[in-house]
Each structure stands twice: as structure tokens, then as C-alpha cells.
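Numbering of the sequence shown is given in UniProt numbering, commencing with residue 1 and proceeding in unit increments.
Worth double-checking, as some hints may not be accurate.
To be verified - Simulated pairs of lysine-lysine, BS3-like, Cα-Cα distance not exceeding 27 Å:
1) K170 to K323
2) K171 to K323
3) K345 to K323
4) K346 to K289
5) K323 to K346
6) K323 to K289
7) K345 to K289
8) K346 to K335
9) K170 to K406
10) K335 to K289
Quick caveat, the hints were computed from the structure, so don't treat them as lab data. The model shown is predicted, which means the values in this text are computed figures rather than measured ones.
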Amino acid sequence: PSHLPAAGPLQNLVSPKGKASYRNTLSPSNSLISRPDRSTAQSQMAPSLPPFAPFPISPWRENLPSDDWRTCQVAWATLCGAYLQLPEPELEAQLSRDDSSAEFLLTFAEEVARDGSAAILGSSPASRTLLHAVFDLSSRLLLLPQAASSPTSPLLTWTFLADLSRIYPKKRTTPLLAALSSNNPSFEASLLTLKKSLARDLESGIQGQPRILEATLSRLNYLLHASPDAASTFLAGSDFLDALVVGYRLMDPPLRRTIVATTYLCLFGLIASPNPRFAMLSDQLYALKEHADAHRAGPLNANDSLVPELVTATPLLRQALNKAGEAGVATSAFKARIGALEAYKKPLASTRRRARAPRKPKVDKGKNVLLDDGEEVRAEMHMHRASQISQIQDLFPDLGSGFVAKLLDEYDEDTEVVIAHLLEESLPPHLANADRSEELSTQPRKTSHDIAPNPTPPLLPERRNIFDNDELDNLTAATSKLHFGKRNPEKTADEILQDRSTAPGKAAILSALASFDSDDDERDDTYDVDDVGGTVDPLATGEADADREVIEETLYRAYQANPRVYGREASARTGRDREKLRQDTGMSDEAIEGWAVMLERSPQLKQRLENKYTSFSGAQNELASSRWRQGEESEEASDSTGGRGGHGGHRGRGRGRGRGRGGGGNASAESSENTEASRRRKEANKASRANHNRRDQRARKMARGGGMVG
1 PSHLPAAGPL
11 QNLVSPKGKA
21 SYRNTLSPSN
31 SLISRPDRST
41 AQSQMAPSLP
51 PFAPFPISPW
61 RENLPSDDWR
71 TCQVAWATLC
81 GAYLQLPEPE
91 LEAQLSRDDS
101 SAEFLLTFAE
111 EVARDGSAAI
121 LGSSPASRTL
131 LHAVFDLSSR
141 LLLLPQAASS
151 PTSPLLTWTF
161 LADLSRIYPK
171 KRTTPLLAAL
181 SSNNPSFEAS
191 LLTLKKSLAR
201 DLESGIQGQP
211 RILEATLSRL
221 NYLLHASPDA
231 ASTFLAGSDF
241 LDALVVGYRL
251 MDPPLRRTIV
261 ATTYLCLFGL
271 IASPNPRFAM
281 LSDQLYALKE
291 HADAHRAGPL
301 NANDSLVPEL
311 VTATPLLRQA
321 LNKAGEAGVA
331 TSAFKARIGA
341 LEAYKKPLAS
351 TRRRARAPRK
361 PKVDKGKNVL
371 LDDGEEVRAE
381 MHMHRASQIS
391 QIQDLFPDLG
401 SGFVAKLLDE
411 YDEDTEVVIA
421 HLLEESLPPH
431 LANADRSEEL
441 STQPRKTSHD
451 IAPNPTPPLL
461 PERRNIFDND
471 ELDNLTAATS
481 KLHFGKRNPE
491 KTADEILQDR
501 STAPGKAAIL
511 SALASFDSDD
521 DERDDTYDVD
531 DVGGTVDPLA
541 TGEADADREV
551 IEETLYRAYQ
561 ANPRVYGREA
571 SARTGRDREK
581 LRQDTGMSDE
591 AIEGWAVMLE
601 RSPQLKQRLE
611 NKYTSFSGAQ
621 NELASSRWRQ
631 GEESEEASDS
641 TGGRGGHGGH
651 RGRGRGRGRG
661 RGGGGNASAE
671 SSENTEASRR
681 RKEANKASRA
691 NHNRRDQRAR
701 KMARGGGMVG
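Generate coordinates for the entire structure from the input sequences, incorporating the hints supplied.
Structure (C-alpha cells):
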């Protein structure tokens, strides 16, 4: 055709040098743009264009020299321009003969959307020309009547349209998608198929492959952002919104963030079109309120659901209220639903700051304060700023962190205002024309060598402690004494215990025993029960022991009758025998089962209980005497002393019957020493019988009155 350039540029593509390079790196074909078959060209009356070569994948692109890669871009742009200049009948005829253009557009969109146009194509004029040519060719092929009548066209798939929406700005893709949805019903059919598949995967939970689901939703979000009609298609009915609410229950943070972004873009798409659907939005808000109420009534955390996160992290409610007010449809019912959802905002959420006029971009004059390298990097990547950047990138993954940081500086770090301006495409000129893929620099800034050196810091104080001048400090310790970790890591515990080389000898043990003073730890029997003299009732512990023995006997009798009562299964716990055992002992199921486990583990305990409760010798329980007894004295001395109602030494020869204590005297001459000892003991123990009070009171009376003893 006359619009094509001379034979020179196309012949250069198939030069010997280029032919060998493309044969080895791109495809088995002899050239990037292969020549058509001669028989086919002769059989066609209309002129034909050479077919497209598919866009190479990343491993092939890395093997291409830069000059060859630039030549490829020029060739693709030239061929796209040739296709665009064909009249519609000739273009349809060309597409019917050769469908390589669709394959090129599909591979180009997939590769560039995944890796970024700047990383693949660069910033040369040829790359910008190729980007414009690809979009123009895609738009023309999508809007052809032939594409509308062919529902199986590969360009009508949602993946290709989502990749286009990611590569090109919204102001270019939105009109194209609007015209496509109104003229081609196949576009809506592909979205409905995807909607059913996503709803099924979201409701499958962990079995629905969360990683693949997250990637699919992230790719779909670009299409929802650019096409309000696609958002309306997904929210037609309640099945997809219900599936999003169910899918958010999965504890997967990346998937949860993607679900929040998908829900927000779908709901915002209802009011972002020229014909906003406020009635449909009101119904969806009511459905969200129902889901939030149902989750709050359940056992889980009220804030751990989709609705609180949606109304907290996105400006949906404020934008919906503003749009409704501008359109004059902000009814009381609509405002009530907005207010009901406002109540689900999470506490301590960042409130919107007061908006201010956009500031003029600052000019970097190189007069910044010189910071340390590590301090500068930490200042650039502050944690709060990083969280704000991550929140915005969840909704707009194609934006670089550096560009988002500029937006936050422009709008006073208000994430809601930044998101609103991005959705409305109302950025200032200096930001609208900026590089949206710019990333924050984490490399330390090179400092100038002309500045004055820093002053020498003072020397650190000298360390001094008790380990100064020891073997390790002077590095004179023998290496045989040093070891890392255990001294003998190859020895087992048994070998270490059997090793008696470091055990103390017999002489050391005897020396330690000789230096031990047994009087240091003499037992203090001041408050023994026998010495108190009846002021402490020892029967309290006896009652507890009696209760314990009754419970023990009940447990053992039940175990001896039916050991299955102590089983841990549900049938044993709900049985009548277990219920009776709980009532008799007052113990829980765990305590009863634990008692049985301890009984089975201890044969000695089982034998003792068997001897105690199964064999009866006919003897009664021994009752210990409660009277005071002398431990150190002989039996004769204990008989000679008077106890409670004991022998009265000076009250006659009969056995005393009163509560008075008998005199400590004895008529026999051979027990005089015992008598003296009893007197001393009586004087020593009078504090326990309150006799010292009477003695001291009498002494005070005598001293005050001066009377004589009568």
C-alpha cells in the first residue's frame, strides 16, 4: 500500500543479522514480521499485510540486544499504523485471512500489565508511539461489527480488557469500555461467567485456592475501576456481594485487602457512571447493614467482618452521600442507611483532616539538612507513611510508592482525599503529568566531601570490674579449659551420671559432717499440740481426714464395682453411675477421672486401698488419748504425776475424780528427783495455763498493800 514506508525499513527487519538474532531468541520463524506465503498472496486480489509476531516473554526479551529491541518496537508500531489506515472492509478481510494481530495484542497487554511499561518498553519515543498504536488498534478491533457478531473473539475476554485498563489511564479506557458494553453483548456474557466462578471460589473458603483467587480479584479490580458498567454487572443481584462477605471470613490478610478493594470499586462504580444507580446502591447498602448485624449477633468479633473494614478504610459513605446530594436524591431513608453504616466504623480510626488549598510544588534547591545515611532512609520510609501508602496501593496497585508519597504531601496526608481525587481524575497538573510508577528511593544519598569533618568523639570510659587481669582478660588461659556450649557434648545423660571422676571423696564427706552443727536447726516445739494443754482442738483436721476417707472409700467402691464408670468417653460421663458418683463426692468429671488414672498408675496405692476397704479384722478404730503425756520421763514418773483427773498426791489415796490437777508430789522417797523435775516443768509451762496472771496479780497486791502472807 502507498501508506507503507519504502522497502528499506521492512527489509532491515529480515536482514541476515536480524534474521539470525530473531530465529535464536524469539521464535522458530525467520523474522519478527514473517512474510506471507506466496501462493496465498497470489490467490488474494486485495493487498495483504505481513502478520504480527507475538510479543516476547521476559526470558526472550532479556536475550535481545537493545538495538534489536528498539527495532522490534518500531516494526510493531509501523504495522499497527498500517492496520489502522486500512478501510473497514479491507481490515475485516485482513483479519479473516490472518488473526495474528489478536495474538500480538493479547501477549502485549499481558506482559506490559504484569511488568510495567517503563520496565519493558522504556521511555524512548518509539515505546510511546507503540503504546499509542496498540491502544488505537485495540479500540478499532473491539468496536468492529465483525467483533460484535463473534462472541468467541479473544479480545472480548475480561483478562485482556483488565490488562488494557491497567496499562492506560482511566480517561482513555472508560469511553472504550462504555461503548463496548453498549454495542457488544458478549462483553457482559464473559463478565457473568467470571462472576459465577468467583462467587463459587469465594464461598469455598480455604478449599478455593486463596492465592489464585487473590490474583484474579486484583486483576479484575482494574476493569472495575475503569468500567462502571462492569461494576453494575457484578452487583446485579445479591450473590456476588454475599460471596464477598463470606470470603472475607477467611483469615488471609492479602486476600482480605483485595476483597475490600473489590467491594469498594463495585459499589463506587454504581455512582461513577454518567447515569448513577442510586436505587441499586441503596439496596446494596441495606444488604451490607444486614450482613453486619448478623455478624455482630454471632460469637465472633464484631469488627472482624467486611463491613467495618469497608466503611473504615475507604471513603465510600462520604462519597455516596456527596454524590446523592449533588444529584438531589439524598432522601431521609438514604441518609439513614448511611448513618447506620457509619456506626460500624472501627474505633481509633483516623479522622479526616481539614482540607486545605493545594500547595505549590516545592523546588529542591539542594539546601536540605544533611542527615546520616541510615537516618535519612528511616525518615523516608516512616512507618505511618508506609501504612498510608500501602492502604492506597491496595486500591490502586499500579501506582508507585514515590507517586503516592507525593499525593500524600499534596493533600496533607489525608488518604480519603487522595483516593477521591484519584477516582475522579482531578489531580493538579504537576501530579497528573508525573510518573505514576515512581518508587521511593531507599538508597542512601551521597554526601559531599567538601564539608567540615565531624569532631572527634570523646573516648569511651575504661571498663573496670572484678574480672580485670584474670586469665581470660590477659588471654593467658589454657585452651584446654575453654569450650563452646557443653563441655562434653558427645556424652549422654547416663554416661555423665556414671562418671565418678568429679564426685566428692569420702574424706570430704566426713569433713563436711564434722563441721555440721546439729544444734543450729533444733526443732522448735513451743506450739506443739501436746504442750498447748487443750487450748487447740485437734479434731478439725480429724474431721477433714474423715471426710476424705469417706470420699476415698466411695471412689474405690465404685471403681471396684465397675471400672468403666471412670472412662473419658461421653457415654461414661453422662451415665447414671457417674452422676451418682459426682453427687456423693462433690467432684468434677476431670477430678474423678484423674483419681482413677492415679490409682491405675500406683500399684502400692491400689494395694493399700484394697487392704483398707476390703479386709475387715473386727477391730475398732484406735482412739488416741487426749490427756497430756510426758515423753521423756519413765512410765513410773508419768504414773506418779497428776493429770486431768489423775492421781492426787496430797488429796488422799483414791483416784481423783474432779477436773483439778493433782499435786505434783509423791510419797515415795525414790521419786524425789522426778518430783523436782515435774515442778520445774510446771513452772516453765504455766504460760499455757494462764497461772502466771494470777501469780503476778498477787504480787502486785502485796507490793501495794504491804500486807503479810496470812
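Okay, the hints, checked on the actual structure:
no. : hint         : result
1   : K170 to K323 : 20 Å, holds
2   : K171 to K323 : 20 Å, holds
3   : K345 to K323 : 21 Å, holds
4   : K346 to K289 : 15 Å, holds
5   : K323 to K346 : 24 Å, holds
6   : K323 to K289 : 20 Å, holds
7   : K345 to K289 : 12 Å, holds
8   : K346 to K335 : 20 Å, holds
9   : K170 to K406 : 20 Å, holds
10  : K335 to K289 : 13 Å, holds
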